[in-house]
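From first to last, the protein sequence lines are chains C and A. Just add 9 to the spot in the first sequence (first one is 1) and you have the numbering used here. Just add 46 to the spot in the second sequence (first one is 1) and you have the numbering used here.
Hints were generated in silico from the structure; no laboratory data involved. Virtual Cβ for every residue (Gly too), placed ideally from N, Cα, C. It cannot be assumed that every hint is accurate.
Simulated DEER-style distance windows between Cβ atoms [what the hints assert, rightly or not]:
#1 A:Q130 with C:P138: 25 to 35 Å
#2 C:L35 with A:V97: 24 to 34 Å
#3 C:W42 with A:Q130: 33 to 43 Å
#4 A:T173 with C:F135: 18 to 28 Å
#5 A:D84 with C:V136: 54 to 64 Å
#6 A:V148 with C:C100: 18 to 28 Å
#7 C:L134 with A:P100: 36 to 46 Å
Examples of chain C residues lying across from chain A (beta carbon under 10 Å, computed) [stated by the list, open to error]:
#8 G21
#9 S51
#10 T54
#11 S121
#12 I137
#13 P138
#14 P142
#15 D144
#16 D182
#17 D183
#18 V184
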Amino acid sequence: LSAEARPERWNGLIISLHWAAGAVILALLPLGWVMVYGGLDSAATFDLYQWHKSFGFLALALTALRLAARFVGSSPPAPASPRWERRLAACTQASLYVLMIAAILSGWLVVSTSPLPVPTRFFDLFVIPNIAPPDPSHFADAVLAHKLAAWAIAFLIALHVAGALKHHFVDGDDVLKRMLPRWRTLRSPHG
Amino acid sequence: MTTLSCMSLRAGLVFAALTLWLLAQARVPAAAANWRIDPARTHIAFAIDAVGYPRTHGQFRQFAGRISVDFEHPDKSSVAFHVQSQSVEVGSASFDDYLRSVAFLDSTRFPSIDFISNSVAKVDDHTVRVSGELTLLGVTRPLSVDVAVEREGGGGRLAFLAKTNIDRLAFGMNSGFPLVSRDVELVISSAAIEL
């Protein structure tokens with residue numbers, strides 16, 4: 010699409026999916042940390058694992074929908090930033106998509122290959138099937154991949170948020186505003 | 047005279063038989079008295095370890111039991127416990143459901159976990175060794191447990207404490223091994239009132 014034909018802002022569906030997935034992922038990271046290192050008792054730990062698994066699959070659904078919406082819809086034009094900044098932003102966003110999918114799939118593998126396969130009951134509604142048989146060696150690999158992906162996501166989210174805030178407060182452009190709901194009027198400090 | 051002798055002999059025999067019968071009747075409750083288990087003071091608890099996971103503590107809430115105690119002849123005492131496997135509780139409804147599933151207790155197929163003693167031996171003044179058979183998941187294995195026994199309230203009450211480890215693999219409960227340990231610690235405390 011030419012710059013003139015591109016929309017000024019992200020469409021409502023993508024905005025909703027972006028913030029919903031963001032909220033779910035921001036909940037999943039500390040939830041995952043607490044359930045492993047939090048020192049809680051066995052029953053509370055079991056419940057947190059079940060919540061983490063349900064929210065993980067919710068994140069998968071939201072991310073898949075958003076990717077589909079990105080392919081179908083059109084995106085607003087890139088801001089008039091230096092080339093390296095645009096590249097960094099595109100790279101961060103693409104990496105976030107890849108890592109989110111990697112984190113969720115490796116989590117699914119952790120659940121599946123665990124020597125103790127606990128059924129994944131999605132919010133206690135239905136059981137999500139496993140994608141691999143139990144295997145201690147694959148389990149250890151999947152746990153490592155899941156942890157690395159989670160830490161990388163935490164780092165990239167920090168970079169992503171820093172970029173959005175820099176656009177809003179330093180550059181004074183509408184990069185952040187166009188991802189906000191229409192009813193939310195956030196005035197740029199420069200305009 | 048002969049008739050009289052016969053009659054007195056018969057009366058004597060009847061008297062002797064009656065005396066023996068009465069003595070026998072009197073001895074039964076004194077020898078092996080039955081005790082009623084106090085459910086409020088009975089706890090059938092267990093604990094199990096797993097790698098990278100906190101120790102799981104739980105208990106079974108529903109059970110029935112019978113205790114027969116003969117202080118003079120401990121070997122004539124007996125114990126039987128029937129525990130409802132679906133009454134397992136570890137503090138999380140979803141965890142309880144998981145433990146009831148085929149992975150562990152398989153409560154639908156095996157609703158009862160049973161222990162029936164076949165011998166009781168005195169170890170010391172406060173301890174008896176109860177040997178018997180434990181049936182879990184339909185598999186019966188011998189189990190011997192040292193039970194601390196305390197008489198309370200002038201002897202009308204008894205308090206029991208038994209601790210033992212069972213090897214769950216011996217009963218075919220293999221889920222999660224070796225991530226989940228094979229040893230399950232059992233702690234059974236109970237109190238009984240003489241009937």
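Compare the structure with the hints numbered earlier in the document and write down the numbers of the violated ones, lowest to highest.
4, 5, 6, 7, 8, 11, 12, 13, 14, 15, 16, 17, 18
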